[in-house]
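Residue numbers (the numbering used here), protein chains in the order written: chain H, 325 to 567; chain X, 325 to 567; chain R, 325 to 567; chain Y, 325 to 567; chain W, 325 to 567; chain S, 325 to 567.
Treat the hints with care, as some may be off.
Note that identical chains are pooled: a pair holds if it fits in a single copy or bridges any two copies.
[To be verified] Within a straight-line C-alpha distance of at most 25 Å, the following computed DSS-like cross-link-like pairs (lysine-lysine) qualify:
1) Lys563 to Lys387
2) Lys563 to Lys518
3) Lys543 to Lys387
For the record, the hints were derived by calculation from the structure and aren't laboratory data.
There are 6 protein chains.
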Amino acid sequence: MRILVINPNTTHSMTEKIGEAARNVAAAGTTIIAVNPADGPVSIEGYYDEAFSVPGLLTEIRKGEADKIDAHIIACFDDTGLEAARSLASAPVIGIGEAAFHFASLLGHRFSVITTLSRSIAAIETNLMKYGLASRCARVRASEIPVLELENPASNASARISEEIERAKNEDNAEAIVLGCAGMADLAQRLSLKHGLPVVDGVAAAVKLAEGLGVLGLKTSKLGAYATPSAKVYRGQFKDSAP
Amino acid sequence: MRILVINPNTTHSMTEKIGEAARNVAAAGTTIIAVNPADGPVSIEGYYDEAFSVPGLLTEIRKGEADKIDAHIIACFDDTGLEAARSLASAPVIGIGEAAFHFASLLGHRFSVITTLSRSIAAIETNLMKYGLASRCARVRASEIPVLELENPASNASARISEEIERAKNEDNAEAIVLGCAGMADLAQRLSLKHGLPVVDGVAAAVKLAEGLGVLGLKTSKLGAYATPSAKVYRGQFKDSAP
Amino acid sequence: MRILVINPNTTHSMTEKIGEAARNVAAAGTTIIAVNPADGPVSIEGYYDEAFSVPGLLTEIRKGEADKIDAHIIACFDDTGLEAARSLASAPVIGIGEAAFHFASLLGHRFSVITTLSRSIAAIETNLMKYGLASRCARVRASEIPVLELENPASNASARISEEIERAKNEDNAEAIVLGCAGMADLAQRLSLKHGLPVVDGVAAAVKLAEGLGVLGLKTSKLGAYATPSAKVYRGQFKDSAP
Amino acid sequence: MRILVINPNTTHSMTEKIGEAARNVAAAGTTIIAVNPADGPVSIEGYYDEAFSVPGLLTEIRKGEADKIDAHIIACFDDTGLEAARSLASAPVIGIGEAAFHFASLLGHRFSVITTLSRSIAAIETNLMKYGLASRCARVRASEIPVLELENPASNASARISEEIERAKNEDNAEAIVLGCAGMADLAQRLSLKHGLPVVDGVAAAVKLAEGLGVLGLKTSKLGAYATPSAKVYRGQFKDSAP
Amino acid sequence: MRILVINPNTTHSMTEKIGEAARNVAAAGTTIIAVNPADGPVSIEGYYDEAFSVPGLLTEIRKGEADKIDAHIIACFDDTGLEAARSLASAPVIGIGEAAFHFASLLGHRFSVITTLSRSIAAIETNLMKYGLASRCARVRASEIPVLELENPASNASARISEEIERAKNEDNAEAIVLGCAGMADLAQRLSLKHGLPVVDGVAAAVKLAEGLGVLGLKTSKLGAYATPSAKVYRGQFKDSAP
Amino acid sequence: MRILVINPNTTHSMTEKIGEAARNVAAAGTTIIAVNPADGPVSIEGYYDEAFSVPGLLTEIRKGEADKIDAHIIACFDDTGLEAARSLASAPVIGIGEAAFHFASLLGHRFSVITTLSRSIAAIETNLMKYGLASRCARVRASEIPVLELENPASNASARISEEIERAKNEDNAEAIVLGCAGMADLAQRLSLKHGLPVVDGVAAAVKLAEGLGVLGLKTSKLGAYATPSAKVYRGQFKDSAP
């Protein structure tokens, strides 16, 4: 099976890190193809950055479909462009945010999310409500570490996230933790051991969901919400993206 | 007061119709500036079209901010790009979908929405849930008339919408109707008279909300969800859109 | 346009203050008529006071309807008697509580409310649930300042409300504030500047919503919940109020 | 134990019928005192009638408190004035609507309500939401029989209600039925036998809840929502109702 | 009327205490028969213990049905086996948890629950959601006192519960308290006096609800969720429990 | 990896069919061990049957834990005993109902469930609410085919299920289908092709989720809801099941 993992920001080093995280958990027969768009922001922090990462993301989805990819993963915790990607794809499309929420739901009564900046909390809460899983989330917490700072070994990212996990256990009664950024994938196992509760990384969770849907031959429904876009003219710089 | 009304699709005739609808209800001292992006789809029907209309929409919002506009209106019923626009703007930003929902909530216990294609129902239902107003909506109905067909005098658009209003009264116990497309703005008054219940057009509602917020000096909050985007590099075709 | 602003308590000085707040934001062509009932409590603090202010309020609504008023505003934050008023009126009826909630919803992801006494919290929370907007409200806070104390320049009302706003920012992550009493109308602008977030006063918001509905010709639906009351006998002191 | 059953409308024959229904199910040591206000509508159908029945209802509650009554029952299915009555009373106060909802919740997964006129559906749905029991109600149905017509032996009230019960079983999958008017109290047992499912009358249910709270010494909480009203001036015709 | 009160754990001294609490509040004509199963855990603390108490509980329900009992009470606060018991019984079945929630809902806007161990919080929250009453509960609190320790006069159970009630008043704004274990039945009255708010014990509440349903002839619906189990083979140690 | 698939009913032929369905989708390195309890009902249809299948199920979970199994699957669509099993296990435990709901949530906006008997609808709806996914489910439909009839090649099970899928598409606007019984596992692929939408079988979905959690080393949280049961005495026939 071939899975396309799209980091929707344009920071190639982060794409490589995500690709590696995906390969670490992929099944023997799975090929992980990790890409990022050529156009758009170097990191996605809030709604504005999201808007400019979606066209590039969809270009990658389109290439993946042409290449008969078996499943797509959107490797940004905000699940940027998920619905548009599903409209375009016939293969299944998984966001790493939703993947982590679904996995955490199987392990405890309630989980807390530790994300990067507080400006992202509203988007994550809204996603939880859309997916139906808001009642399973005790709280979305911000570590106030910018996305790209997670790449910096000199940052105290791991310590800050660890502090928030401790608060989530004590103040939220969280029984599981979801790491709220693709750039935190490498921290999950260590933090789980340290804090004695399951810590879910969305990249890993998404790979297993994508493999699962792929093996079962389950594809995105083309009835209703994710129906194939109608043919029509697109103007200007987007004219080649017309469906 | 100067209000920027942005039709996020690229069909200029529709922009003019929307601008006219807005001017028809604007207060004496209000100037309506109706624009549309140069880039993107000629109509917005579903998530994929939305994705490619947002960058152009944000370009118009940015120009409006530079021009010290008092309020922005996004004139697509899906409230395309609303959160990203709010992040960029300091002036208030109103979507015509939310405007219509808020107005209809003031007139009856429950309203039904009549939109264009059934592929848009999920997006509208999701918006209602985000805004908190899902419990006020009896049902979102599709007339199955494509957006641009509303421009065609030979279409039976008005008759089809009228049929759905009748069903909404009888089957949904709707007490008010929301017209679910900017292109239906001209039908509201006639359909209200015909069916004996309030029929709300989002363009008109948004103009009155924008004027209201403008007069009161109420601006988009810059704490949390709509905080000003962080400065960062954008790559490729979007490099000039970096915050 | 002529808007009837009804202060449902019987304190005339408060009616004048509310009338002035309404006139301050009204459009050029709008006439504000501010009244209060002759009968009932001097302030409304809790469910019992509400009950005795509604008959007088409805008498004023009835006079307004006879006088062909274009819209009614109920200027008590509990939206006292709103549904009964809508049943009686053909013109639109706006409560200042709901007006403030709808406006605040357009400015941030979540707002907090600062009201007078804690006994009013339950009624406000119930209203938020009825309107559908409970998910948009982070918390309803009481300043523990009685309504009429807001009229007293020697009280520390403004300082107490300011303290609660600070808590709402820090503890509730509120992005906007709603002032929960008609008597706080004069504080909105100053508190907004001081705290750097939108502060919404319901009287002002209701005037703009009433003007908006009025210009658009949108009236209360007479189907279902707000159908005109059936003719019947009323006995005793209420015999002249029979529909 | 002495229970005050207040029919908040001013139709004495209905008060007698309600009193009889209450006595039929009361325990050996229970005295039922059935009263109605002197002032207000002869029947309560919608929000406007409710408003003019509450002051008279509260006068009866006040007399009951002075008389050391053990519990109050509000015998209108809309639970008219329930919160205001609780603020005034130290004894428990039960609405017949809520009583029926609580009892029906103990008998099946979901119940349907059969009320009088469709104008009352919104108020009942709102009450269900306030009480928390909306998810337990499959549907609120109107029989379109006016309240006082239930007193008329020549009406086809029983047959109409029976028809709606049949629909509730088939269309709503209702497992229990709640009769939505005090005037239907005498029909419960026969309809239960006929349709083979529990049919709950609110008057009977309220008597048993009132007796239960009374025996256990449970009284209305005076913290928060139902705190004793603050002393203050009431003006005009309500001056003697001041707390 | 004869009411079967089943303590689903196998600690006979607790059964006797529960029986006494039930008799203390029962009406003159009510006979309380308090039993416990022969098989199963000595106390129920969490989902695992629940599972092994249900078969024994159902054996007692079956005997009660054969004995033409008028109503069944399940005297464990988790309402262990409630749905299965309802499927088996034609008489009404009341759980002490739900009984307490329904009673507390009649006395204040929101209540808090004080239970034994924190491992039970999730089950209680889930029950509140099932019953529809989650919105009425401010918080479920654990005293961290094991069930059987409540039997020990040397334990500081009462003091610990009293501390949590104080917190519930201050931190949760609880207006009423529900005691979350059958073994706390004897504490309700004293704690109510001490803290000045209603404190509800589920055993007492359930007796009054069971008597109420019994007098009204209301039985468990046999349509849908609680339909009589289909005849079928049960194997092994459960072969005699086959329906 | 070794996955224990427990059919909680005692029909061995159904266990074999389920085991085969699981093996059909298992990864190369996965060993499926399919078992059923010795004690309990031959099929699970409603709450009563559930109660008598849980002790046997837990015996199998306990054996699996002793045998260092990597994940447990409960192969009954009601997710019988899921919480108790999680309390006992340190390995992850997946119910086939929840597995199917999570997978279907990834493929369309809303899904419908087609189960066996209508008596199971309430339990499934309650599970959806517990998991948080009720808003993703358009409707739970019953085919009225008893569980064991699915084993009978002469039954018209497939045709009846196909009819309900057609109704779910037309009446519920379902975009995906969940098959609501382990015994329907073999029908998914054919029905998906026939109806042109994803059809999810819970056995297959659970295998892929169990493999996913297993590979990632994610185990059931032992904080809170699923904490290891406290040591205590169990009496009578369950004495060997004491924790």
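Hints and how they fare:
{"no.": "1", "hint": "Lys563 to Lys387", "verdict": "both (16 Å within a copy, 22 Å between copies)"}
{"no.": "2", "hint": "Lys563 to Lys518", "verdict": "neither (51 Å within a copy, 36 Å between copies)"}
{"no.": "3", "hint": "Lys543 to Lys387", "verdict": "within (17 Å within a copy, 37 Å between copies)"}
Consistency with the previously given hints fails for number 2 only.
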